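We have chain X; now place chain E onto it with these hints.
Listed below, chain by chain, are the residues.
2 protein chains.
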Amino acid sequence: MRGRLIGVSLGPGDPGLITRRAWDVLISDARWAWPVRRAGGESHALGIARRAGLAPPADGLPLVFPMTHDVAVLARAWARAADAVLPVLRAGRDVAFLVEGDAGTYATFTYLARAVRALDADVPVEVIPGVTSFQAAAAGLGLPLAETDDAVAIVPAGYGIGELDRLLPHFDTLVLLKVKPLLDAVLDWLAANGLGDHAVFIEKAGTPEERVVRELETLRRCKVSYLSLMLVRNPGRERGTMIRGCRPKQGDA
Amino acid sequence: MRGRLIGVSLGPGDPGLITRRAWDVLISDARWAWPVRRAGGESHALGIARRAGLAPPADGLPLVFPMTHDVAVLARAWARAADAVLPVLRAGRDVAFLVEGDAGTYATFTYLARAVRALDADVPVEVIPGVTSFQAAAAGLGLPLAETDDAVAIVPAGYGIGELDRLLPHFDTLVLLKVKPLLDAVLDWLAANGLGDHAVFIEKAGTPEERVVRELETLRRCKVSYLSLMLVRNPGRERGTMIRGCRPKQGDA
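Protein chains in written order, with my numbering: chain X, 716 to 968; chain E, 716 to 968.
Just so you know, the hints here were simulated from the structure itself, not pulled from any lab data. It cannot be assumed that every hint is accurate.
[Claimed, not checked] For lysine to aspartate or glutamate, the following EDC-like pairs were computed, each having C-alpha atoms within a straight-line distance of at most 20 Å:
1. Lys895/E to Asp864/X
2. Lys919/E to Asp785/E
3. Lys919/E to Asp864/X
4. Lys895/X to Glu757/E
5. Lys919/X to Asp864/E
[Said to hold, decoys possible] Computed footprint of chain X on chain E, listed as stretches where at least three residues anywhere in the stretch have a Cβ under 8 Å from a Cβ of chain X:
6. 731 to 745
7. 769 to 782
8. 843 to 852
9. 861 to 871
10. 878 to 885
Nothing here was measured: the structure is a model prediction, and the numbers come from that model. Cβ coordinates follow ideal geometry from the N, Cα and C atoms, glycine included.
Just chain X, same shape as in the assembly (with noise of 0.2 Å):
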C-alpha cells in the first residue's frame, strides 16, 4: 500500500484561514513536505503552519522549486522533489506538501503530483482545498469577489494591457495577478478608463505583512513586492441579456 500524497492547502496566511481537514492532516502522522525557492530558505507555506501553533516536526522535507521560467530548470526540480517523496510513500507513509492558498490555484503542487505519479501511477493524490490570497483580499475589504450573475476573470496581468482591453467589456470582477512588471501601464489603464475608484492594490494580500492601497497614484513612487495584485470592480459593464432561469431571454443562444 503506498501513502498518499495530499496536497494540505493552508489559505494566504492567516493560520485561522486552515480548514479543519487541512489541520487534521498536519497533526496525523502524514510526512511535511514544503516548497523552498532554494536549499535552505525560507517557505512561506511553512511558515503558516508555524503561526498556527505547529513545529515542523525533525523529519520535514524541504523541497527545492526554483523561481525560474526555464522549463528544463523547472522539470528537474520536479523530479528531484518526486525522488525525495516516493520513497515515503512507497513505505506507506502519506506525504502533506504543505501549500500556500489554494493547491488547485496557482500552485506547485500540479507539478509535484504530476510528477510523482509519472514514477509511480500507483500513487493516490489528494487536494484539499484552501481560500485563495485574492478571496482573503476581497473579505478584508469588504468587497464582493461576484454578486448574482457577475463574471469574474482571474488573469496574470503579464499578458498586457491590450488583453485587459478586450476583458473588460465581459467582466464585472477583475483579479489582476503579479501586477508588479506592468503597474505603471496598469495604473494608466485604470485612469484612463475611468476605475481608478474601483480598484484597490494588494500587497502579500492574507499575510501577515499585507499591504492595501487606494490611493493608486502613490504606488508610482512606491517599491511594491512581487506578490501583489488588483482587485478591480467594473461597475460600468453593460450586463447583456441572460438567458432562461437568470434574464428574459433574447436569442443569444
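Structure of chain E alone, referenced to chain X:
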C-alpha cells in the same frame, strides 16, 4: 458598542472544509443566523454546521431570502432580514451569518451586510473567506483551476453561447456556473470546440450529494440540479506573449 455582523463562510458542504476561524465563531457566543428560501425551509449552510456536529442554537435566526430575480421582492427580503438582526447587533452581540461556500463569491451575505449598514452605518462587518464549490470540485477531480500564468474565467452560463465563444480564446479554464438552463447548448458548444474530453460536469459540488459526470453526452437524457457547474480546460489556448518577469517582452504593453 455594536456587535459585529460576521459572514461566516463554511465551504461547499464537507464540514472538514470549515476554516478554524469560522469554527471559532460558530462555537463563540455569536448568535447564529442562516438563509432559507422560504419560512420553515431547509438551509444548506445550516446543514453544513449540523454535519460538523454542531447543533443549531435555540435562538438561531432563519432569514428568508427568496429565490427570485425580482429586485423589489429581494429588496424587501434584505430589509426584513436586516430588521431581524439589527436589534441583536445593537444589543452588542455578534451575529454569525452562516454562508455556504465563500461569503464573497455569489453569496447572500453581501446584500445582508449592505442592508444592515444602510440602517446603521456603525455596525462593524467582518467576512471570513471560505472554500468555493468550484475549488472543491477541482480538488476532488485532481484538476488544477490554474497553473502558472493561466487565466481563469468564472461565468454564469446564462450569458449564452456567444459569450463563451468570445471568452474561450482568452482563458485556460472556464468555470461555467448554473449550466442547467443552457445545458444542451453548452454540450453542443463543447463538442463543436473539441472540448468534450476537457470538460467535467459537477452537480452539487462539494456536498454529500455531489455527482460528477465526465461522459457529457449522457447528460442529454438526465435531469440535473440547478446547482450544477462545468469545469472546462482549454488545452488549445494560444498563450500569447507575457511581459517582463513572465515571458519575453514583445511589445503588447
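Hint check results:
no.: 1; hint: Lys895/E to Asp864/X; verdict: holds (14 Å)
no.: 2; hint: Lys919/E to Asp785/E; verdict: violated (25 Å)
no.: 3; hint: Lys919/E to Asp864/X; verdict: holds (18 Å)
no.: 4; hint: Lys895/X to Glu757/E; verdict: violated (46 Å)
no.: 5; hint: Lys919/X to Asp864/E; verdict: holds (18 Å)
no.: 6; hint: 731 to 745; verdict: holds (count 8)
no.: 7; hint: 769 to 782; verdict: violated (count 0)
no.: 8; hint: 843 to 852; verdict: holds (count 7)
no.: 9; hint: 861 to 871; verdict: holds (count 11)
no.: 10; hint: 878 to 885; verdict: holds (count 4)
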